[in-house]
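Terminal number for the sequence shown in the working numbering: 344, no gaps in between.
Hints listed in this document are in silico derivations from the structure and should not be mistaken for laboratory results. Fair warning: there could be bad hints in the mix.
Claimed, not checked - Here are the in silico distance ranges between beta carbons for each label pair:
{"no.": "1", "residue 1": "160", "residue 2": "297", "range": "30 to 38 Å"}
{"no.": "2", "residue 1": "165", "residue 2": "216", "range": "33 to 41 Å"}
{"no.": "3", "residue 1": "259", "residue 2": "340", "range": "40 to 48 Å"}
{"no.": "4", "residue 1": "293", "residue 2": "156", "range": "36 to 44 Å"}
{"no.": "5", "residue 1": "332", "residue 2": "283", "range": "17 to 25 Å"}
{"no.": "6", "residue 1": "291", "residue 2": "209", "range": "32 to 40 Å"}
{"no.": "7", "residue 1": "290", "residue 2": "259", "range": "43 to 51 Å"}
{"no.": "8", "residue 1": "261", "residue 2": "160", "range": "28 to 36 Å"}
{"no.": "9", "residue 1": "213", "residue 2": "305", "range": "34 to 42 Å"}
Said to hold, decoys possible - Computed list of lysine to any residue pairs in SDA-like fashion (alpha-carbon distance at most 20 Å, straight line):
{"no.": "10", "residue 1": "190", "residue 2": "339"}
{"no.": "11", "residue 1": "190", "residue 2": "265"}
{"no.": "12", "residue 1": "190", "residue 2": "261"}
{"no.": "13", "residue 1": "190", "residue 2": "245"}
{"no.": "14", "residue 1": "190", "residue 2": "269"}
{"no.": "15", "residue 1": "190", "residue 2": "279"}
{"no.": "16", "residue 1": "190", "residue 2": "227"}
{"no.": "17", "residue 1": "190", "residue 2": "303"}
{"no.": "18", "residue 1": "190", "residue 2": "306"}
{"no.": "19", "residue 1": "190", "residue 2": "264"}
{"no.": "20", "residue 1": "190", "residue 2": "206"}
{"no.": "21", "residue 1": "190", "residue 2": "258"}
{"no.": "22", "residue 1": "190", "residue 2": "294"}
{"no.": "23", "residue 1": "190", "residue 2": "304"}
{"no.": "24", "residue 1": "190", "residue 2": "338"}
{"no.": "25", "residue 1": "190", "residue 2": "201"}
Glycine is no exception: its CB is placed at the ideal position from the N, C-alpha and C atoms.
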Amino acid sequence: MATLDSVAEFARVARARLGGFRHTTVPETAELRRAAVVLCVAEFDGAASVIVIKRAYRGRNAGQWGLPGGRFEDGETPVEAGLRELREELGLVLPEDAVLGRLDDFPATSGFAITPIVAAVEGPVALAPNSEVHSVHPVRLDRLAAPDTPSWATQPNGAPPLLQMRLGPAMLLHAPTGALLWQFREVVLLDHPDARIADFAQPDWTRR
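Kindly produce the complete structure, drawing on both the sequences and the hints.
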């Protein structure tokens with residue numbers, strides 16, 4: 137397991153593991169537009185943590201858990217789009233060398249092929265959420281890696297089980313955000329490079 141108490145050591149281990157990870161890419165189609173999100177690790181209250189947000193209670197994905205990110209602008213790469221959205225949504229400016237790698241694209245039922253970018257920033261950070269963000273919730277890496285964090289909920293009529301990521305007393309996340317965090321946990325923190333997410337089921341309400 138990657139060390140969970142030092143952002144610098146996490147970044148070293150994550151860069152090596154992601155460097156050897158063969159991520160999958162979902163092509164853009166008429167039904168799937170491109171978006172990028174950033175799994176950004178920073179220090180909060182002395183602990184290495186990944187930044188999770190709750191979206192504003194309006195517009196697309198109103199009030200849902202998410203990661204900083206959004207759709208591509210014309211000509212952007214996944215890294216450029218992810219870092220721009222991180223800057224716009226949280227006021228956090230990172231250079232491209234803060235990016236450690238990427239995970240699998242996720243085909244979301246909301247109509248986006250989501251590319252997850254992994255990044256880390258050392259030292260204190262000051263966040264300035266914009267109007268698209270209701271609240272910011274750093275999740276400690278040791279919480280994310282804990283054995284009781286993921287569980288699977290059965291669904292009626294033989295439908296595939298739903299992943300549930302319990303990150304706090306009032307933080308229960310499903311795919312797509314829960315799936316991206318699960319793969320981050322498995323591949324980067326626990327060194328399970330065969331963990332894949334493309335077929336994870338999503339609750340109906342994530343379509344909104």
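A quick look at each hint next to the structure:
1. 160 - 297: 30 to 38 Å: 21 Å, violated
2. 165 - 216: 33 to 41 Å: 21 Å, violated
3. 259 - 340: 40 to 48 Å: 41 Å, holds
4. 293 - 156: 36 to 44 Å: At roughly 40 Å between Cβ atoms, residue 156 and residue 293 fall inside 36 to 44 Å, so the hint holds.
5. 332 - 283: 17 to 25 Å: Roughly 20 Å apart at Cβ, these two residues keep to the hinted range, so it holds.
6. 291 - 209: 32 to 40 Å: 37 Å, holds
7. 290 - 259: 43 to 51 Å: 44 Å, holds
8. 261 - 160: 28 to 36 Å: Given range 28 to 36 Å: holds, Cβ gap about 30 Å.
9. 213 - 305: 34 to 42 Å: 38 Å, holds
10. 190 - 339: 17 Å, holds
11. 190 - 265: Judged against 20 Å, a Cα distance of about 11 Å means the pair holds.
12. 190 - 261: It holds: about 19 Å lies between the C-alpha atoms, which stays within 20 Å.
13. 190 - 245: Holds: residue 190 and residue 245 sit about 19 Å apart, inside 20 Å.
14. 190 - 269: Since the Cα atoms of residue 190 and residue 269 sit roughly 6 Å apart, the hinted pair holds (cutoff 20 Å).
15. 190 - 279: 18 Å, holds
16. 190 - 227: 16 Å, holds
17. 190 - 303: 13 Å, holds
18. 190 - 306: Satisfied, since the Cα-Cα distance of roughly 12 Å is no more than 20 Å.
19. 190 - 264: 14 Å, holds
20. 190 - 206: 14 Å, holds
21. 190 - 258: 23 Å, violated
22. 190 - 294: 31 Å, violated
23. 190 - 304: 13 Å, holds
24. 190 - 338: 18 Å, holds
25. 190 - 201: 4 Å, holds
Checked against the numbered hints listed earlier, the structure breaks hints 1, 2, 21 and 22; every other hint is satisfied.
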